[in-house]
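Let the hints inform the model, and build the full structure from the sequences given.
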Amino acid sequence: MTPCHAGPQEEGIRFEGVSVERGEARILDDVTVTLRARRTAIIGRNGSGKSTFVRLVNGLVEPDAGSVAVDGLDSVRERRRLRRMVGFLFTDADSQIVMPTVAEDVAFSLRGRGLDRAEIQRRVTEILARFGLAERAETPAHELSGGQQKLLALCSILVAEPRIVVADEPTALLDAVNTRRITGVLRRLSQRLIVVTHDLGFAAGCDEALLFHESRLVAHGAPADVIAQYERDYC
Amino acid sequence: MTPCHAGPQEEGIRFEGVSVERGEARILDDVTVTLRARRTAIIGRNGSGKSTFVRLVNGLVEPDAGSVAVDGLDSVRERRRLRRMVGFLFTDADSQIVMPTVAEDVAFSLRGRGLDRAEIQRRVTEILARFGLAERAETPAHELSGGQQKLLALCSILVAEPRIVVADEPTALLDAVNTRRITGVLRRLSQRLIVVTHDLGFAAGCDEALLFHESRLVAHGAPADVIAQYERDYC
Amino acid sequence: MARIATFAALIAVMGLVPPLPLFGNVTPITLQTLGVMLAGAILGGVPGALSVVVFLLLVAAGMPFLAGGQGGLGAFFTPSAGFLIGWVPSAAVVGWLARPHGGRPAWWRVALGTVVGGILVVYAIGIPVQALVTGIPLAKTALLSLMFVPGDLAKAVVTVLLVTALARAYPRAFRRSGRGAGRRPADARPANDGADRSVVGGRS
Amino acid sequence: MSGTTADGRPVGVVSPGRERSGGEVRRRARGRDRVERLFGTYLPGHSVIHRLPAGVKLLALAAVGITAAAVPRPEVLAAAGVVTFAAFLLAGLVGHLARQLARLAWLILAVAAGQLLFALPVPLVVANTARMTIVIVLASLVTVTTPASQVLAALERGLQPLRRFGVDPPRVALTLSLTLRTVPVLARQAAGIRDAQWARSGRYSVTAFVVPLLVAALRQADRLADALAARGLDKGPRPPR
Ligand SMILES: Nc1ncnc2c1ncn2[C@@H]1O[C@H](COP(=O)(O)OP(=O)(O)OP(=O)(O)O)[C@@H](O)[C@H]1O
Ligand SMILES: Nc1ncnc2c1ncn2[C@@H]1O[C@H](COP(=O)(O)OP(=O)(O)OP(=O)(O)O)[C@@H](O)[C@H]1O
Ligand SMILES: O=C(O)CCCC[C@@H]1SC[C@@H]2NC(=O)N[C@@H]21
Ligand SMILES: [Mg+2]
Ligand SMILES: [Mg+2]
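So the sequences go chain by chain: A, B, C and D.
For the first sequence, position 61 (counting from the first letter as 1) is numbered 61 according to this note's numbering, and the numbering increases by one without interruption.
For the second sequence, position 108 (counting from the first letter as 1) is numbered 108 according to this note's numbering, and the numbering increases by one without interruption.
For the third sequence, position 143 (counting from the first letter as 1) is numbered 143 according to this note's numbering, and the numbering increases by one without interruption.
For the fourth sequence, position 212 (counting from the first letter as 1) is numbered 212 according to this note's numbering, and the numbering increases by one without interruption.
One or more hints might be untrue.
Stated by the list, open to error - So the derived label-pair ranges between C-beta atoms look like this: (1) D/A62 <-> A/R113: 57 to 63 Å; (2) D/F118 <-> C/V46: 36 to 42 Å; (3) B/G17 <-> A/A224: 48 to 54 Å; (4) C/P100 <-> B/A134: 51 to 57 Å; (5) C/G151 <-> A/A224: 56 to 62 Å; (6) D/V71 <-> A/E62: 33 to 39 Å; (7) D/F85 <-> C/V46: 54 to 60 Å; (8) C/A106 <-> B/A134: 54 to 60 Å.
Keep in mind that the hints were calculated from the coordinates and are not lab data.
Idealized CB from N, CA, C, for every residue including glycine.
Next comes the structure, spelled out in structure tokens:
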């Protein structure tokens, strides 16, 4: 479908015959798809390959066959540039937080950009204020509540001004209020969003949806249709 | 409400003026309630004290003020007996599973009961078969999928034949199918069940519900009413 | 017991990081010594040493937990066997020197502990054993082992940084007693993190 | 705390040698490799050596090791060498011996070269190197012919006399099992942290990696302690303060 001679200006995230293997197992099998919508939801059962799929986007997982290109950038060869373009929200906030305190953790994302301290400090303060964490700047990050940790992880990603945000089950373990808060933030993002979720309501609010089953992409289209297929065939 | 001179025959889980402190903070504040229903749901926002509350039931958390008695047994003094009566399903199966392989983990629950090997073996096999894990008996626990790990955790609890099952967010991170499976098992349990959940649909199916907010018990009654109050006042 | 098991596992996980075999010496440079220092500094002397014992028992039982996926009884007959054995008293000495009274350690104590316990004690046992196994004279073996010093000093520095960072990131790590330590009257609770600035708690 | 599994095998580890039906074996073979890599280096078999009790093998190994060290004479070493080779033959693992020697080659060469460099007499160099090699490969024979669970059980029995000094063998065995369970959990967390760190900064720094790993480990320890307590295993007595 997509022209093979697409130049680097090409928009969209293009997967071409992508397979990923671990040991004998194919954990992703011959996926070809191009994501162009602003908000894409990825749904499917546990172990169907959703996390593997989204990790291809910033080169955390490399394809064993096929190729992934994000706006024309190859995910393997241009891994470093891609990494800066993509903000990745992991399921487990615990492992995402890498520095002792809230402010330090956000500042960590700005390392190695040649920004001076005052500028880093300014951006950190600004984003923490935007997410209601300004008061917690000096708190040990691991003492935040679950919802606050997720917000912190989001701050740490957005402060780096990525072009694409990938979120892997962003609302797991959150209460109704925090869930609404995080999904609200994600929905309002100006960036392109790819979100893996078991929350079909949230998936329904996206612009397109992908359904994975047993390592294969089995549906791609309007969320309502894809969700209906999931509920009909795989639940 | 509950008579203070209740004897050890008394049925129900009685919390009398229970407070729990951590550092300067009161993470549970003067809770008095008696649970008598077969299935009790605990709801409330992140950090409201739900996990702390259910951990009092088997003495994992000790009250700094007040007392907890389960069917007349004091949760601190009779902690050892209590822990045999209460099966506790933690949110995170990773930390619930303590032995390297599936069968060993289930067998661990039967330690120190004076059962001989053949009997332990028989019970382990039986329960694994009941939950469809018979084939995985020798599998290292970390190779199970998320849903299977939850099932294993349940096996390991039920094999000890507890009188009460406590489950702290049992379906977090599970897909729709696994969620249904686990909630189905929990619903059908013959034991008394106390379940902490953000899944209000599941809470609605219980016999009573408790609502926590900022370390206090703020409602106790029929699930429909308590959920309505939660959604009205705290969401 | 849970902490002992977890730190033993941590030492094993640090063995997954590929080792640096240095040409001319038969003992690899490995991140696992960092794990040993951390076990001592964070768990304290006795539990730290016990976690190393647990780790070594599993190695002896055949687990491939040593640097480069080595393991089994053979590991205790190689020239580096003495270093392995030395890790046990090493963790103990690190713990005793770094945290003689439990509680959160001062940075200079951690530094002292890692240099004396984490480096000197290990060498004191490892080098003679290596000399014995290889038949190379003690003095020459010691000379050869000098090449570990930069790496081990770096690990000592990292341990100090890590322990300080950990105290900020997860103050619970150094609580004197774990959670559920029993009922205490409210006014006799040990100093918590918030009380660091006060004189309450009698921390050294 | 009996220290045994449901089917009576001693604590610990998977028994990778369990037979399965043909197709099953092949299908699982790969998974089994993974298990073995994580859980030990046992090579299943039915030889005399395989069937010898673990304790006997361990004692024999110690005997050879001590003799070779205490009486470093050429004829003793030659005898030890012959015994070792015979044991490999009996176990049907000569191929493994060859692989093992190939793997040890650099170590053997380095040790020999080191000694020659320091101008030790050649016969002494040969004796030293031979002694080391023999003991290492013999020890590896014990390891590959004995399931880790048996080694652990033998250890537990061997610890019995230490009861007097306050060692609690079943507790030791339990701790070993807990560790085996925790290794893959921490390994996965470590991988997650490394991924997250790379995704955020594009570089790896030791502190930014180990601090979260330590936090994860300590939390894991706390949760493990809770799980043990909830499942009826009380924490040991706390040292008085
Ligand atoms: N590094 C790995 N080694 C071996 N198997 C792996 C590895 N990573 C993933 N897998 C396997 O690949 C399959 C797909 O994994 P993936 O994490 O993509 O699933 P998922 O759809 O995100 O599931 P969930 O909803 O549970 O998060 C699973 O069966 C998993 O066990
Ligand atoms: N050991 C502890 N030390 C300090 N604070 C603690 C400790 N345990 C819990 N807390 C705090 O107590 C409060 C209540 O925690 P609890 O785990 O009971 O909440 P919860 O209702 O289960 O929340 P969630 O829905 O996020 O699981 C939280 O603010 C938490 O940070
Ligand atoms: O893996 C082994 O077989 C043992 C390794 C011993 C390594 C020693 S410990 C002190 C010194 N510092 C290092 O980094 N390596 C050596
Ligand atoms: Mg996933
Ligand atoms: Mg909770």
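Quick rundown of the hints versus the structure:
{"no.": "1", "hint": "D/A62 <-> A/R113: 57 to 63 Å", "in the structure": "holds, 59 Å"}
{"no.": "2", "hint": "D/F118 <-> C/V46: 36 to 42 Å", "in the structure": "holds, 40 Å"}
{"no.": "3", "hint": "B/G17 <-> A/A224: 48 to 54 Å", "in the structure": "holds, 52 Å"}
{"no.": "4", "hint": "C/P100 <-> B/A134: 51 to 57 Å", "in the structure": "holds, 53 Å"}
{"no.": "5", "hint": "C/G151 <-> A/A224: 56 to 62 Å", "in the structure": "holds, 59 Å"}
{"no.": "6", "hint": "D/V71 <-> A/E62: 33 to 39 Å", "in the structure": "violated, 56 Å"}
{"no.": "7", "hint": "D/F85 <-> C/V46: 54 to 60 Å", "in the structure": "violated, 44 Å"}
{"no.": "8", "hint": "C/A106 <-> B/A134: 54 to 60 Å", "in the structure": "holds, 55 Å"}
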